[in-house]
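Here the protein sequences come in this chain order: A and B. First residue of the first sequence: 4, per the working numbering; consecutive thereafter. First residue of the second sequence: 723, per the working numbering; consecutive thereafter.
Check before you lean on any hint, since a few could be wrong.
Reference listing, derived: stretches of chain A covered by chain B, where coverage requires no fewer than 3 residues with Cβ under 8 Å from a Cβ of chain B [as the list claims (entries may be wrong)]:
1) 11-18
2) 22-36
3) 117-131
Here are the simulated DSS-like pairs of lysine-lysine, each with C-alpha atoms no more than 30 Å apart in a straight line [claimed, not checked]:
4) B:Lys832 <-> B:Lys779
5) B:Lys847 <-> B:Lys981
6) B:Lys832 <-> B:Lys981
7) A:Lys246 <-> A:Lys343
8) B:Lys851 <-> A:Lys9
9) B:Lys851 <-> B:Lys779
10) B:Lys981 <-> A:Lys9
11) A:Lys363 <-> A:Lys273
12) B:Lys847 <-> B:Lys779
13) B:Lys880 <-> B:Lys843
14) B:Lys1007 <-> B:Lys981
15) B:Lys795 <-> B:Lys880
16) B:Lys1007 <-> A:Lys9
17) A:Lys399 <-> B:Lys1007
18) A:Lys363 <-> B:Lys832
Not close to chain A: a few residues of chain B, all C-beta gaps over 12 Å, as computed [unchecked claim]:
19) Pro780
20) Asp830
21) Thr911
22) Ile1016
23) Phe1045
24) Gly1087
25) Arg1109
26) Ser1110
27) Arg1160
28) Ala1163
29) Gly1172
30) Leu1242
These aren't lab readings, by the way, just hints derived from the structure by calculation. Cβ atoms here follow ideal geometry from the backbone N, Cα and C, with glycine treated the same way.
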Amino acid sequence: MRRIQKRALAVALLVAAVLAMTALYAARWAVHGGEWAGFPSNGDAFIAGRIRAGTVRDRDGEVLYAVRDGEGRYAQDESVRRASLHIIGDRAGFIGSGALFHYAGTILGYDPVNGLYSADGTGGVLTLSVDAGAQRAAWEALDGRNGAVAVINYVTGEVVCSVSSPAFDPEDPPETAPDDTSGIYMNRPLSAVYTPGSVFKLVTLAAAIENIEDVFDRDFHCSGSMEVGGGRVTCTHAHGDMKLEDALALSCNCTFGQLALELGGETLQKYADQYGLTQRQSVDGLHTAVGRFDAGAEGSLNLAWSGAGQYHDLVNPMAMARFVAAIANSGDAPDLTMVKKTALLGLSGEHIMNAATADKIAQIMDYAVRRTYGPENFPGLALRAKSGTAEVGTDKPNAWFVGFIQDPEHPYAFAVCVENAGFGFSQAAPVANAVLQAAVR
Amino acid sequence: MQICRSIAGKGAFATELMNNAAFFEAADTITAASRWILPALAVLILLRCAVSMLSGKPEREVWGWLSLPGGGKIALTNWENIVGRSRSADARLPHASVSRTHAALTRDRKGGWTVQDLRSKTGTKLRGKPLREPAAIHSGDTVAFGGAACVFTPSTVKEERDQARTRRRPGARIHPGATLILLTAFVLTLGAEHTAAAGEGVHPAVPAAFLALAVLMWACYAVTRGLHRTGFEVETLAFFLTAIGLGVCASSDPEGLWKQLACLLAGVALYFFIGSWLRDLERVKALRAPMAVIGLLLLVFNLFTAQSIFGAKNWIRIAGISFQPSELVKICFVFTGAATLDRLYRKRNLIAFVAFAAACVLCLGAMSDFGTAAVFFTAYIVIAFMRSGSFATVLLSLAGTGLGVFMVLTARPYVLSRFSAWGRAWQDPQGGGFQQTRTMAAAASGGLLGLGGGRGRLHLVFAADTDMAFGMAAEELGLIVAVAAVLALVLLAVFAVRSAGQARSTFYAIGACAAVTILLTQLMLNVFGSVDILPFTGVTFPWVSKGGSSMISVWGLLAFVKAADARQNASFAIALDRKKEKKREKAGGERP
């Protein structure tokens, strides 16, 4: 019998296996419970693709979506509804990046003790970091043109504004064919990539500051065009003699083409990668589209143009805003989030840029505003910016305006891209101004 | 049928009792309260059972003595004792002329003793004569194990009676009745919650099933007490799991509760029948071979007549009732696999049992019921190891099976595709991870305390009440109760291991361990398959999953656990023989 008793311990192995797997499951449950509960096929969370309970608010408490008596309603203001369509999501569930899916656990009020149980059936509250007023201002400033507006807090990483156009009123969705190509379901700040044009000169500038000795002491000359490898890099007009600061302020293609040739494609590629423009960035686990940088062959016309943001260059607006945030924040790019932060504890980010370089670029962007864009066009905002006019073939160019405001109360960095609108400063800058005025109000 | 109707009557009564609007209006309040009450009760019930089953050192019984020539005495603390030089012998004779495993001394239920030589090198002599066949040994007989001559003295009836009187009885510290009151509260709260949540159109089977369970529990308890037995933990745990299972069925298929209830009654009846049958070891031994034949016949019959339902071809449909014979074969398997000590050492090879086990697993494989085949295989490994004590046997079996599995996978790649989603359920939530992702999502929805009985929605997924029963329990009753259900089975297994050393025969020890192995393997495949820790197979969660055949079979297996419980007056499956002993005592006190 004693032997049998010892051999019975074989069963103890099974017991140990069951206990170990129970512990493993409990640990996974504790870590992923909220995510699992928000699974779109979870009958306790969704009914026919619609969330069963909960409220989504903007950072000031304005309701963006609320389920009352089993019926989901969007914001009262139609412009806010349209502006926030892509960050909230539509009823049919075509917009997968919408908060109604992505933050379902929070919206339903998930907590580990009660799960999705809600005694009064109201669910939970998700307070987004976006500002409904800024959303509306962006939507109205875009005025029917397609494009993307992204504003982030460069200290906390909160997304203050994220607008994608075209959009529709989610309370009155249009009939769309299954093979619809209008792009109304695409969340552009997150999922689009655009030719950056001159806003990419900020990358070339950073590489020049760090790799070319005495670059600030150099004299540059622009005669309106420059011959490279059998082709020409052209400017709108001859900029004449200038220093590096002026080259950025005037957005001189010849100077930046020349810098690109001098730095070489490998160096530029390294900087584009390091600044996250060719990587996917995460916004609470949602990923941005991946940008692209292809340097042309050494000494080629393509290399010169790629340093000025043309050739095959592509960037994502949210990644661009993050890059500008690092310039504003002495080289630290904060981790991005759509959810309002209640405490400034535990801020996290990535140091992507030398602090001295960041501060130097910020100074030059400040100089660009004073010399070219005019501070009077941005009343009350301590703006540092760079415009871009990205040639996209036969259509009118995409208008870019990126930058940030030097304001401890409102540490906002932004990237605005208006598709096929024309000049960056004349078309995208007013949109940026409108959004920022609303955001600081 | 009669019973069903009488329960239906009770259900109607219960519905009437609750048939006022106030009760149904209070549904939300009932849920709000019961989602705290049920986990608390579950934890209390589990703790009380655990303490009652596992606390204190197991008390050894003394059934006789071997007096050594030097003056020492060795107690015989089992009905089956190995005498030998080995450290693991029950009666250890550290004498060079004694073999490591020398002889066996066994007691039968009437108090008669037998000695037999286990192929020792130096032989055994009884009353001076070399022992060839097992022979009866009486008080005062000299028995020589090699060069160690001993005098055998069995305990007297009086000693045995004193021992029975002074041994600790279960239930002295943790009263089983009090635990059962807690369980009754659990069952009735759950029933009320389900009834209220279903609203005024509630199916009468819902309140009836929970009431019937409460009545059945107390009836079983009354029978146990009537037999002067005080151990009721094993049954309490099974009824606890049954209650959770009724909840699963009430949510997914209220109508089906009638069948579930009928099978519960049949299962409990089978439990008492097998338990009583196991009392007499001679009867049991005689039944081993017929059980093996019945098991094989059932499987073969199954193989040729069965219909394929839900993928596996293991269902038989007779007169409108579908049935899974493989469930009952589990009981035959345990019966055939367990063996008494003398057999263990007389017939050292396992060839007959290996052939039987292989036939069972092959039949199940041919039916494409790989989950059940895995359950049988694990039980086979445990039985083979307990019988032979040889790791080589186990490793050889594992290697052979590994080869077989490899051949099946190469020949039939579609089997492999069933496992392709394993560990990656969230990457394919609408394909291979369909059931697992829904189980995990529903289990998360429940949190620790649950959404409330009858308020989950996982039951809308196909076969959730069997394959995803853990998810349904976690969704409606919360993680605490769901894990308590897992731990209840773990507790049964630990108890079986602990009982193994005290069991009256190795047959009971092996039987109990094999039974809990089957229960535990099913639990493991069901629960951890549904949450993507193991591959998803379609076996049932004992007592919790909906299913009639399964309900009957698990109660039958439980009888083996009960038969190994040798605590004083604990188990009805162990005879007390009080009347006979008294008679014998009057006749002279000393046994013949």
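Run the structure past the numbered hints and jot down the numbers of the failing ones, going up. 5, 6, 7, 8, 9, 10, 12, 13, 14, 17, 18, 19, 25, 26, 27, 28, 29, 30
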